Amino acid sequence: MTVAASRRRRGRTAAVPYAFLTPAIVLFVVFCIVPIGYSVYMSLRKAQVKGLGLRPGDRTEVFAGTRNYANALKDPELIHSVLRVLGYGLIVVPMMLGLALLFALLLDGTRARLVRSARIAIFLPYAIPTVIASLMWGFLYLPSVSPIVDLLGGADLFAPSTVLYSIANVAVWGGTGFNMMVIYTSLRAIPSDLYEAARIDGASELRIAFRIKIPLIVPSLVMTAVFAIISTLQVVSEPMALKPLSNSIISTWSPLMKVYTDAFERGDLYSAAATSVLLAVATLVLSFGFLRLVGDRAFASEGGS
1162 MTVAASRRRR
1172 GRTAAVPYAF
1182 LTPAIVLFVV
1192 FCIVPIGYSV
1202 YMSLRKAQVK
1212 GLGLRPGDRT
1222 EVFAGTRNYA
1232 NALKDPELIH
1242 SVLRVLGYGL
1252 IVVPMMLGLA
1262 LLFALLLDGT
1272 RARLVRSARI
1282 AIFLPYAIPT
1292 VIASLMWGFL
1302 YLPSVSPIVD
1312 LLGGADLFAP
1322 STVLYSIANV
1332 AVWGGTGFNM
1342 MVIYTSLRAI
1352 PSDLYEAARI
1362 DGASELRIAF
1372 RIKIPLIVPS
1382 LVMTAVFAII
1392 STLQVVSEPM
1402 ALKPLSNSII
1412 STWSPLMKVY
1422 TDAFERGDLY
1432 SAAATSVLLA
1442 VATLVLSFGF
1452 LRLVGDRAFA
1462 SEGGS
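Per this note's numbering, the very first residue in the sequence shown carries number 1162; after that it's consecutive.
To be clear, the hints were calculated from the coordinates, so they are not data collected in a lab.
Possibly wrong hints are sitting among the right ones.
Straight-line alpha carbon distances no greater than 20 Å define the calculated EDC-like cross-link-like pairs of lysine to aspartate or glutamate that follow [to be verified]:
| hint | residue 1 | residue 2 |
| --- | --- | --- |
| 1 | Lys1404 | Glu1238 |
| 2 | Lys1207 | Asp1236 |
| 3 | Lys1207 | Glu1222 |
| 4 | Lys1207 | Asp1429 |
Bear in mind that the values here come from a model prediction, so they are computed numbers and not experimental data.
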């Protein structure tokens, strides 16, 4: 075989992985990169109307610069929706991850019984679509049909002061199982020799959990926290599904609901696009900011191995 033929053969062999990746790359570009680019383009445009805007050509699209972004940042509806979501996140993220960690540690304990059934029971709520879960909880919140409202002393779970906790409860109930499985899988990957050595030294199960298990699964905890932050900023299914059942949930309750209202109810696609871009940037900044804050410490052992 000549040198040229050998080079051509190596070139074809090296191109095989890219051929397999091509469908995924094309789908990613078409359904992710292109929509993002179009949203950025729309956010820099605005509609200009001449006269009453009834004749053909009276309504045109012109360049608006950063005006849509400036208007979005000053919009009180968007500011209030962001504050609501931040409060929602302060409830959901710690509670969901705390319960997931607790359940994972209990299932990984030496005295755990019926582990397989317990795993399925805890994970099952995650398998239920969010809209169905939200409607199910919504009817449980209604005083006329709920079996739990009387147990809570007749509390109005859709009141303005409690609706945030009601929405957060749906997210915690549905998301705990997934995070528990991620953490539990990490716990199962820890060599059992470490536990045996600790027990020989007289360490209790609680001490083993805090001194060995939790420090070794910090990377998994960081990963689940990042996913939880992203899903919190993008919350839309729970409040949208519960909105018909409560007057306390307005159409701009969350930033994504504000985007939907602007785009499809008010017909302002340009403002909706600007809000979407701002939300994407905020999600990116918070996610990477959190990783920068805890990443060095969380992944130090992996980097040194």
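Hints versus structure:
1. Proposed proximity of Lys1404 and Glu1238 is supported: the alpha carbons are some 17 Å apart, at most 20 Å.
2. The suggested pairing of Lys1207 with Asp1236 holds, with an alpha-carbon distance near 17 Å, which does not exceed 20 Å.
3. The straight-line distance between the Cα atoms of Lys1207 and Glu1222 is roughly 6 Å, inside the 20 Å bound, and the hint therefore holds.
4. At most 20 Å may separate the alpha-carbon atoms for a hinted pair to count; Lys1207 and Asp1429 meet this at roughly 9 Å.
Violated hints: none; the structure is consistent with every hint.
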